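Use the sequences and the hints to build the structure in full.
Here is how the chains run, residue by residue.
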Amino acid sequence: DQQVKQNSPSLSVQEGRISILNCDYTNSMFDYFLWYKKYPAEGPTFLISISSIKDKNEDGRFTVFLNKSAKHLSLHIVPSQPGDSAVYFCAGQGAQKLVFGQGTRLTINP
Amino acid sequence: DTGVSQDPRHKITKRGQNVTFRCDPISEHNRLYWYRQTLGQGPEFLTYFQNEAQLEKSRLLSDRFSAERPKGSFSTLEIQRTEQGDSAMYLCASSLPSVPYEQYFGPGTRLTVT
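Quick mapping for you: the protein sequence lines, in order, are chains A and B. Just so it is clear: in the first sequence, position 68 is 68 by the working numbering, and no numbers are missing. Each number in the working numbering corresponds to the 1-based position in the second sequence with 1000 added.
Calculated directly from the structure, the hints in this document are not laboratory data. Values in this document were obtained by computation on a predicted structure and should not be read as measured data. It is possible that some hints are incorrect.
[Unchecked claim] Quick partial rundown of chain A residues pointing at chain B, CB under 10 Å, derived from the structure:
1) 49
2) 51
3) 89
4) 96
For glycine and all other residues, C-beta sits at the position ideal for the given N, C-alpha and C.
Structure below.
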């Protein structure tokens, strides 16, 4: 039962352009959605969250969009920087725990 | 730095041995979570504590797994009679109860069962 899905295992973007990472979910009971970033040999780092009652949240270069009717969320990174190269996980939060997608490896090319 | 810490960072053990991992959360966080991550997957929830009370356990947490948080501070995760399928990254996270969705993760313990 994959409640959160990230269908793109990898994404390659040129430095300075926009990176768009996508995530789909099936559980309508999630209260919040989150994006985490993970470098090798480190734990996931919290990036940005959005309440299920909102449709957009912005924090600097990062913006998360939520489309509840489509059960879809996306993370936009503008402009993309080399340090953004990492694995990105989306997660839904419900009943106190996080349910993660499989992750998307983002590579920013100079 | 007062982030979440985990010890050890790496553990190699032989099948059938017992292992114990430790997690020290951010000091003001009274919620503590354990997750497991295997290659190519996102972290999967195992269990969580509020203070010393273990409030939820995943069905992934078989009888060979036990977690404790005796004084509401650090936590331990023990795996008895390890199996090769237990090889994974074990992640600990903590949060404030008022913001349970903002979970801060430690670096993880990489377990390899040979």
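Inset, instruction - May I ask which of the numbered hints given earlier this structure violates, with the numbers listed in increasing order? - result: none
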